[in-house]
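Each chain, written out:
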Amino acid sequence: MKNLQLLFIGIFLLLFAGNTFSQDLDALLDAETKPTIDFTTATFKSTRIINGHSVEQMKKNQLEFRISHRFGTLNNGPYGLFGLDQSVIHFSLEYGLKDWLMVGAGRGSLNKTYDAFAKVRLLRQSSGMKFMPVSLSYFTSIELKSIKFPDRPAGTSNYFSSRLAYVSQLLIARKFTQNLSIQLTPTYIHRNLVKTELDQNGIFALGTGARYKLSKRLSINAEYFYTYNPNSKSLEPRPYNALSLGVDIETGGHVFQIMLTNSQGMREGSFIPQTTGSWLDGDIHLGFNISRVFAFNKK
Amino acid sequence: MLVASLGAISQSKFISKNAYISFYSSTPLEDILGESNEAVTILNAETGEIAFQALMTTFHFKRALMEEHFNENYMESTKFPKAKFNGKIDGYNSSILSGPVNDIKVTGILSVHGVDKTITISAKLGLEDGKLVGLSNFKVIPENYGIKIPSLVRDKIGKEMEITVKANYLPFGN
Chain A
57 MKNLQLLFIG IFLLLFAGNT FSQDLDALLD AETKPTIDFT TATFKSTRII NGHSVEQMKK
117 NQLEFRISHR FGTLNNGPYG LFGLDQSVIH FSLEYGLKDW LMVGAGRGSL NKTYDAFAKV
177 RLLRQSSGMK FMPVSLSYFT SIELKSIKFP DRPAGTSNYF SSRLAYVSQL LIARKFTQNL
237 SIQLTPTYIH RNLVKTELDQ NGIFALGTGA RYKLSKRLSI NAEYFYTYNP NSKSLEPRPY
297 NALSLGVDIE TGGHVFQIML TNSQGMREGS FIPQTTGSWL DGDIHLGFNI SRVFAFNKK
Chain B
12 MLVASLGAIS QSKFISKNAY ISFYSSTPLE DILGESNEAV TILNAETGEI AFQALMTTFH
72 FKRALMEEHF NENYMESTKF PKAKFNGKID GYNSSILSGP VNDIKVTGIL SVHGVDKTIT
132 ISAKLGLEDG KLVGLSNFKV IPENYGIKIP SLVRDKIGKE MEITVKANYL PFGN
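Residue numbers (the working numbering), protein chains in the order written: chain A, 57 to 355; chain B, 12 to 185.
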């Protein structure tokens with residue numbers, strides 16, 4: 057490194073020796089500018105692509121307050137104002153402990169679920185001095201359904217542990233161009249208790265997500281979670297893979313995400329294994345995520 | 012003192028690799044302040060030519076989101092990674108380098124966001140505690156450099172940006 061710099065300076069000195077008036081200061085500065093690692097930023101606009109997490113982190117000392125809504129299904133028709141009469145809400149506080157580590161906790165009205173998560177950035181896409189083709193993060197969460205258990209036959213009992221589900225995800229993303237970013241999200245979810253014997257406790261899924269920027273402040277997003285060992289199709293209601301389409305609109309400190317999705321759940325433990333809406337049947341929920349970021353930097 | 016001054020003049024170039032550049036804009040909603048301590052600058056003591064370069068990604072903000080928007084939405088740092096200034100001190104006389112800090116004018120080309128503009132700025136240059144320092148404070152209008160500010164955030168970003176520059180020069184090349 058040092059040697060290379062000295063070599064450059066040497067070359068310039070040689071080139072320009074005895075010709076002090078035509079020296080190009082700009083070229084000298086180019087040689088003096090340290091080569092840098094150019095980390096890719098803003099692969100996605102938000103920490104979520106739509107429902108699922110993206111590789112984006114809350115930076116250190118930044119707190120995000122998120123409010124998300126999913127309305128009822130469009131096939132409610134005009135009587136139910138296309139689903140707007142019903143809504144499921146989720147809100148959360150999410151904080152960057154380090155630039156590479158964020159944590160968050162929230163609560164959703166679907167099954168009265170509490171959740172807590174951590175997301176760790178392992179690799180950052182970069183060019184320049186160091187080439188790294190993708191960004192890689194690990195996401196893990198725990199979800200607690202606090203909704204009352206249904207009545208049980210006498211002599212049997214409910215356990216607290218039955219309320220819990222665990223999620224692990226690898227988030228692998230690449231910003232291909234300024235406008236196009238794609239993410240793969242291998243996922244494993246374990247639920248301690250499932251509804252019937254036909255349900256799987258452990259679910260493997262692969263999420264894919266993409267965003268395309270239409271302008272600097274507007275992007276379209278798509279997200280699909282394919283479940284490898286889905287719950288039995290003979291269940292009622294029948295499980296479907298989660299498909300969501302949305303737009304991100306950015307205005308200063310806010311990002312608005314508006315989407316159409318067949319899932320009403322907003323956390324991995326619900327929308328991946330428990331999406332029961334079908335796009336073809338019109339079980340499509342209109343929804344939005346709104347976030348506001350607060351900075352707590354001492355400066 | 013005389014010897015030291017002569018020694019300084021005999022250097023043909025001065026450099027600073029960690030010059031400070033900030034831009035600031037105050038609005039009713041919030042202040043925007045971006046700062047870099049990694050700008051590089053060279054001063055040619057024989058001709059009075061002066062050059063600056065700063066990588067856009069070295070500017071840091073209090074709000075991480077602001078920094079992201081700065082690079083993504085306004086400066087388009089991937090397309091235009093550097094801001095540059097190449098100019099010459101008006102009516103240059105090398106004796107100002109060995110005197111106390113004095114007002115000067117510098118005329119040159121400021122290139123930001125891929126747009127070149129000829130500007131004249133007021134600055135100060137001279138010895139402070141035996142070291143050559145350069146200071147400047149001037150205003151630029153982002154829209155002159157093709158940096159569009161949408162009406163939606165118009166009131167969050169001032170029309171003018173105040174640029175502050177501070178450089179401590181060292182002899183270059185030995």
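Everything labelled a hint here was simulated from the structure, so no lab data went into it. Note that the structure is a prediction, hence the values are computed from the model and not measured. Each hint should be verified, as a subset may be incorrect.
Taking lysine to any residue and the SDA-like style, the derived pairs with C-alpha atoms no more than 25 Å apart in a straight line are [to be verified]:
1) A/Lys-186 / A/Asn-248
2) B/Lys-90 / A/Asn-214
3) B/Lys-90 / B/Pro-153
4) B/Lys-95 / A/Ser-182
5) A/Lys-168 / A/Ser-213
6) B/Lys-28 / A/Thr-212
7) A/Lys-116 / B/Leu-40
8) B/Lys-170 / B/Lys-28
9) B/Lys-159 / A/Lys-168
10) B/Lys-24 / B/Leu-40
11) B/Lys-93 / A/Lys-168
Selected chain B positions facing chain A (in silico; Cβ < 7 Å) [claimed, not checked]:
12) Val-51
13) Ile-53
14) Ala-62
15) Gln-64
16) Asn-97
17) Lys-99
18) Asp-101
19) Gly-125
20) Asp-127
21) Lys-128
22) Thr-129
23) Ile-132
24) Glu-173
All C-beta atoms in this analysis are idealised placements derived from N, C-alpha and C, irrespective of residue type, glycine included.
To see whether the hints hold, each was checked on the structure:
no. : hint                  : verdict
1   : A/Lys-186 / A/Asn-248 : violated (43 Å)
2   : B/Lys-90 / A/Asn-214  : violated (59 Å)
3   : B/Lys-90 / B/Pro-153  : holds (17 Å)
4   : B/Lys-95 / A/Ser-182  : holds (24 Å)
5   : A/Lys-168 / A/Ser-213 : holds (20 Å)
6   : B/Lys-28 / A/Thr-212  : violated (74 Å)
7   : A/Lys-116 / B/Leu-40  : holds (23 Å)
8   : B/Lys-170 / B/Lys-28  : violated (30 Å)
9   : B/Lys-159 / A/Lys-168 : violated (45 Å)
10  : B/Lys-24 / B/Leu-40   : violated (44 Å)
11  : B/Lys-93 / A/Lys-168  : violated (51 Å)
12  : Val-51                : holds (5 Å)
13  : Ile-53                : holds (5 Å)
14  : Ala-62                : holds (4 Å)
15  : Gln-64                : holds (5 Å)
16  : Asn-97                : holds (6 Å)
17  : Lys-99                : violated (10 Å)
18  : Asp-101               : violated (17 Å)
19  : Gly-125               : violated (15 Å)
20  : Asp-127               : violated (12 Å)
21  : Lys-128               : violated (16 Å)
22  : Thr-129               : violated (15 Å)
23  : Ile-132               : violated (17 Å)
24  : Glu-173               : violated (18 Å)
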